[in-house]
Amino acid sequence: MNNINSLFSKKLKVLNLGTKNFKDDLEIQGQDVLQLDWSPAAGGDIKLLNIIDRLSSQKDIAVANREAVDRMISSHPILVDIDQAKNAIPGMDENTILHSGPPIEWNRMAGPMKGAIIGALLYEGMAKDEKEAEEIAKSRKIKFAPCNEHNAVGPMAGIISPSMPVHVIYNKTYGNYGYCTINEGLGKVLRYGAFDKEVINRLKWIEEEFAPTVKKALKTIDGGIDIKSIISQAVHMGDECHNRNKASTSLFFREIAVHIMDTDVDMDVKRRVLEFIKGNEHYFLNLSMPACKVATDAAHGIKHSTVVTTMARNGVDFGIRISGLGKDEWFTGPANMIKGLMFPGFKEEDANPDIGDSAITETMGIGGFAMGGSPAIVQFVGGTVEDAIGYSEKMHEITVSENPNYSIPTLDFRGSAVGIDIIKVIEKGILPIINTGMAHKVAGIGQVGAGLVNPPMECFEKALKRFNDEYLEGQDE
Amino acid sequence: MKNTIIRKNAYYDSVTLMSLSSKILDMEGVEEAVISMATDMNKQLLQNVGLATDDSNNAGSNDLIIAIQASNENSYEEALALVDELLSPKSKKKEKGKFQNPKTIDKAVEYMEDANLAVISVPGQYAAREAKKALEKNLHVMLFSDNVSLEDEKMLKEIGKEKGLLVMGPDCGTACINNVGLCFANEVRKGRIGIVGASGTGLQEVMVQIHRLGGGISQAIGTGGRDLSKEIGGIMMMEGLRALDKDENTEVIVLISKPPEISVEEKILEEIKTVKKPVVVCFIDGKEDDRQNSKAYFVYGLYDAARKAVELTGEYESALHEKEKSSPVDVKELKKLLKPEQKYFRGLFCGGTLCSEALSVLRDSFESVRSNVAKNKSEKIGNINDYSGNVLLDLGEDEFTFGKPHPMIEPTLRVERIIRESKDENVGVILMDFELGYGSHDDPVGVTTDSIKKAKEIARKAGRNLIFVAYICGTELDKQVYEKQKEMLEEEGVIVAKSNLEAANIVKEILS
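Chains F and D are the protein sequences, given in the same order.
Just so we're aligned: 328 in our numbering is position 328 of the first sequence, and the numbers increase by one with no gaps anywhere.
All you need for our numbering is the position in the second sequence, starting with 1, plus 1000.
Because the hints were derived from the structure by calculation, they are not lab data.
Glycine included, every Cβ here is placed at the ideal spot set by N, Cα and C.
Treat each hint with caution, since some may be false.
What the hints assert, rightly or not - With a straight-line cut-off of 16 Å between C-alpha atoms, the simulated EDC-like cross-links for lysine to aspartate or glutamate are:
id	chain 1	residue 1	chain 2	residue 2
1	F	K141	F	E94
2	F	K10	D	E1113
3	F	K10	D	D1106
4	F	K428	D	D1106
What the hints assert, rightly or not - Computed spacing ranges between beta-carbons, pair by pair:
id	chain 1	residue 1	chain 2	residue 2	range
5	D	D1040	F	G345	43 to 53 Å
6	D	L1150	F	R54	49 to 59 Å
7	D	T1274	F	S39	22 to 32 Å
8	D	M1018	F	S39	37 to 47 Å
9	D	N1009	F	G30	47 to 57 Å
10	D	E1248	F	D45	47 to 57 Å
11	F	G345	D	P1405	46 to 56 Å
12	F	M261	D	N1072	35 to 45 Å
13	F	D328	D	N1009	20 to 30 Å
14	D	N1058	F	M261	24 to 34 Å
15	D	V1447	F	D45	37 to 47 Å
16	F	E94	D	N1048	55 to 65 Å
Produce the complete structure using the sequences and hints provided.
Dropping the structure here:
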């Protein structure tokens, strides 16, 4: 019996795409109908749809994407060292300053980023005051480059200057390294563009007292501190390791404390170092970010892969990079405004557009992607626990796989969605969700709120077209 | 049989693993099972139960240990398979949170795992893509959307044929599968007549007439209007025919279509020879030439198709005579109402095939009848806004509906035309159809009666009468309540026929 005849003997189970009238009339007849919340794939762009249809039939892509995501999942980030950027980061020299997001020149930079660069030049002693710093920044003496092009990541302005100490993360599985500065805490801090004396003094203290102590402590730990394991546990404790790092910072504190005590430095110094970690509940953000970075870097460069390996913003542009395309090839669109809750005293127009490399966490499937397991953050960004769970669920529609290492308790320990596939993003019209802080658009004021934001669809459209040109142009349709 | 497997860098939380271990231990033939992360404590535990190996001793706390001891190899393999199944992320999928309607077919079939039919009415340029996705998911397809290319239609139907799936459409307005009306369909009796139709309202009319004559429907499969074109080659009609031939609830098969392309017709007629059941072939408005086919009964109108099919089921003959008695219309009296110059009729149709049927009835009795559904050039109406004489208009054609809903959904489209025709001193009769059933407007007569009143008033003021003849394509089971619709028309003095054919015949008698 063929399928048509077998349909005749079954109860109809109907999916209805399009006018709801047909669904209503089927329900009047007592039928099971599921109405789709349909909208045209790829936003109705026929050209993109044709590309998607061509790419969807490519077996190479599925295999490559599987490979890219396997590499992300099996990556194993370990904190092995703290060292100054100029010593640790490849390609970093005395005249290089790294920033967040895709490439950008000084005159287009957002307020907080400009402020942070001024701060960095003051901190490095390259300028004596704000005016001189601006002059230097404008001159071509300083090379600006994205952190992401140097195996590094930075939250908010993401400024890394040569003397700044960075966490050195080693990917035990693939042997690559990643870097990120030390989180300075909240309020007036460099990453939000503040550069007054207090900020510079704190950076100096980090360089001169904090980093050497932690470096010594790390030396005493055989094999370093397992960041992957901390993230796994923290996700079970209500962190999503982007906007909430309470549990992970505590776990990190637990790991490092004894080793700090074991160092030969003054008790007062030990106390200040531990006090600093304890007092900053976002300390771990600057570990979770490079941990994600080493995993996504390990997944970059897989031919035929449409998996996103970077999402980063510089406060003006949002940029993504794709595994199967060039190492430093960015696809950009204007950074969006963040929607969420403002801190008391601030208005929406005070906020800068989306900024920072912290979306590397979402690229790796935590942050906004794991928000369903982080009920405490939900209030902070405005929304309900149900919404958050919904977001985490939805991200599975645009990803290649699930990461069993980072499983979400509220979703019955389902692995978080990992491996954003540009084909799926375009086809389904679902954008990655990013759970992030809002910077004041004026340098140095700090965080003004937190909320949710999406990348612009434009990044994905450009990437898809480029991918099509790279791999399918010239092939028979 | 005992074995210990280490999976590097595969972290699972302890609660998951503990519950997993207990499930494995509960399996028949399993004597010992430790599924845990290789922490020092767990490695010790492994030692204690005698499942430790060199590998497990060297494993790290991020490595997963799967150690199972079973009474035989079979039980071991079963246990291992269950471990994999329970650890696989997909098996943990459970929808939580607010229910959101799925956006895609892929997602929808996760929600409704036993889905078997997709009804698609999205804009044409996207419709083929969705239909293809549905077919890939082994769903039958009702494709209501139009503006789908012939190439796409062919591609979809070939996939459907290959997989044994229905592809009803594109541009398929009506079907009735398992006595469930899809899109535009009337509620009719369940019975033993199976239909495959390449015409929406044609299919509706045959179903309604079968019902009225006491018969019933087993299945009514729509194919979309182009199925019998040369390009498509009747793929779905053939598939439908074969399925109905095999269907034990179907005794008589009816095929409905406009006259097909000749090579396709030959193919279909050839196929009919292999069919065991009687087949009624209705080529609407077709030429009655000598088609030779021992199996098929050829008819050329919708009513005839219905009557032949009911006759062939053999059970309803006595009822037939009763029900076929014509409605008592006193044509002589009606003729007296019209002035000599009121020589012409105007047909204002919502159902395209009903308009074609009226044309085939009326063209023989009048010198000239013109219509926008006419195939032949001399009958084709030039300008739908400037005409005289006998005219039949299908208001569902694109020229009327551009940017508006189809008149079966929104019959008010016709109101303006009714007023317009009433102002033409040469018009004697206005012929209309009303479609009931699923998909159609909730009160098609109700939204029209005012304009009938007004039209009559306009005519009366100009010193003449205007005769309205109507047909309601519907049954007493339809949601709009047939009797009430009929009463409303009769209150306005409208003559209500029992079939589209009868309505056309009444017009013919009045004006010829």
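Handout entry: Structure versus earlier hints, numbers of those that do not hold, lowest first
Key = Violated hints (numbers, rising): 3, 6, 7, 12; every other hint is consistent with the structure.
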